[in-house]
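A.B. asks: Residues per chain are reported as follows:
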Amino acid sequence: MKPSAFDYIRADSAEETVSLLARHGEEAKILAGGQSLMAMLNIRLAQPAMLVDISRCRDLDYVRVDKGQLVIGAAATQASVENRATLAAEVPLLDLVFPYISHFQIRNRGTVCGSVAHADPSAELPLCLTALQGEVVLRSKAGRRVLKADQFFQGMLVTAVKPGEIVEEVRFPLREQGARYAFQEVSMRHGDFAIAALAAAVTNDAIELTVGGVADRPQRMRWPRLAGADLDGAINDFAWGLEAQSDAHASAEYRRHLVRRLGRQLITEASA
Amino acid sequence: MKLYEKHTAYPVTLILNGVRRSAPAEARMLLSDFLRHELGATGTHVGCEHGICGACTVRVDGVAQRSCMQLAVQADGRKVDTVEGLNRGADSELGDLQQAFKRHHALQCGFCTAGILMSSSHFLEQVPDPTEQQVREMLSGHLCRCTGYTNIVNAVLEVAALRKERSEHA
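So the sequence lines, in the order shown, correspond to chains A and B.
Numbering-wise (this note's numbering), the first sequence opens with residue 1 and increments by one.
Numbering-wise (this note's numbering), the second sequence opens with residue 1001 and increments by one.
These are computed hints drawn from the structure, not numbers from a lab.
Take these hints with a grain of salt, some might be off.
To be verified - Below, a list of computed lysine to aspartate or glutamate pairs in the DMTMM-like style, where the Cα atoms sit at most 25 angstroms apart:
1. Lys162/A - Glu16/A
2. Lys1006/B - Glu26/A
3. Lys1079/B - Asp12/A
What the hints assert, rightly or not - Over 12 angstroms on every C-beta distance to chain B, these chain A residues come out as not near it, computed from the model:
4. Ala5
5. Asp12
6. Glu16
7. Lys148
8. Pro173
9. His190
10. Ala234
11. Ala250
Unchecked claim - Listed next, the stretches of chain A that the computed footprint assigns to chain B, with coverage defined by at least 3 CB atoms under 8 angstroms from CB atoms of chain B:
12. 100 to 107
13. 175 to 188
Quick caveat, the model's predicted, so the values are computed rather than measured.
Note that the Cβ used here is the ideal one computed from N, Cα and C, for glycine as well.
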């Protein structure tokens, strides 16, 4: 199908964008890479009165390391992060995850901030941001506020973004000394939305497991270095606590099964 | 800042396969429809219109992406390459990717082919010596219901090998 009619404004800077949002409020929607929004426009799930295109805002197109974080601006494409030669050393979890995110052709245009702002519960980038306890910078005409991932994601496609705000940048903490990561997901086809996606992080004194695609937003759990039956029991409790739902792709029971089996497997992999 | 008001057509200019082309477009017009209906470049096909099937893939400033998942006005001033630009000039020989697809029977109905060729042409520039696994991952962004993909994989791998051979003998 085709999008319904809207006014379109090509913004040249972040300052201009927040001024436009201040003036037009909730009727304006931000367009960056458009790899979630354009699909919603085409099938008319979204019918905004106005689109503010930030994809040519040069002051939002950056990927840099700053104060122990990998900082990614709102206009930076996923490919521009994926293709960083230093990514595996900087944020190893992101390096593991990128090949699973949709497809080459989508990552070439889709933005990291756009995926975070869209907040699909089975999307990989919100999962990574939650797993690493990264930050989201929201900017409005009044100023900026910085939220932790678990404050930002509030439910299925629901975030803490208020009218007049844009996701200006997201920040992924750089690799913690001694931490090891593993990631795996199950989907119908490579690049499809995940039925369940899991990231494990293991440090000297803790085990963390983050799950996407099961609850209404990515969920993270942290334990001390449990092993054997204690670890199995802890993962089982976590799996039940996610309140998995059945849908056309998988039953709630199968999703819990994936959390238990893949969770255990990934923790073993990251502990090796 | 530039405003495009709804229900109003504005001139959109792009460099299509090296040639400067201009036509009017409303803000809501997709790049895929602009190419086909306004510029007559019907080599780019339209399938699902939500980014799944890959038929409409073109290169914008060299980068393979869906033309159904962006607006024509967003491509204003950009360089857009489509399947029509893969051969060496009008009515001339097919490009090496096209020839390999023909040799390997990597297409049947041809609906998906233009998109796959455009993805492959960008992919091989980025990954000149790919593994079969990498080619298959790139192709996961395209649906083909005729070939079973194997012949497409073989064609792309052969082009990589031939280009490598050619550059080593150059």
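A.B. asks: Work down the list of hints and note, for each, if the structure agrees.
C.D. replies: Against the structure, the hints come out as follows:
1. Lys162/A - Glu16/A: holds, 18 angstroms
2. Lys1006/B - Glu26/A: Roughly 18 angstroms between the alpha carbons, so the hint for lysine 1006/B and glutamate 26/A holds.
3. Lys1079/B - Asp12/A: holds, 20 angstroms
4. Ala5: violated, 4 angstroms
5. Asp12: With a cut-off of 12 angstroms, aspartate 12/A comes too close to chain B, as the shortest Cβ separation is near 6 angstroms.
6. Glu16: Glutamate 16/A is in fact no farther than 12 angstroms from some Cβ atom of chain B, at 5 angstroms.
7. Lys148: Holds, because the least Cβ-Cβ distance between lysine 148/A and chain B comes to about 30 angstroms, which exceeds 12 angstroms.
8. Pro173: holds, 28 angstroms
9. His190: violated, 4 angstroms
10. Ala234: Consistent with the label, alanine 234/A stays out of reach of chain B, its closest Cβ about 34 angstroms off (over 12 angstroms).
11. Ala250: Non-interface label stands for alanine 250/A: nearest chain B Cβ at 19 angstroms, farther than 12 angstroms.
12. 100 to 107: Coverage by chain B holds here, the residue count being 5 at a Cβ distance below 8 angstroms.
13. 175 to 188: That given contact is violated, which follows from only 0 residues of the segment 175 to 188 of chain A lying within Cβ reach (below 8 angstroms) of chain B.
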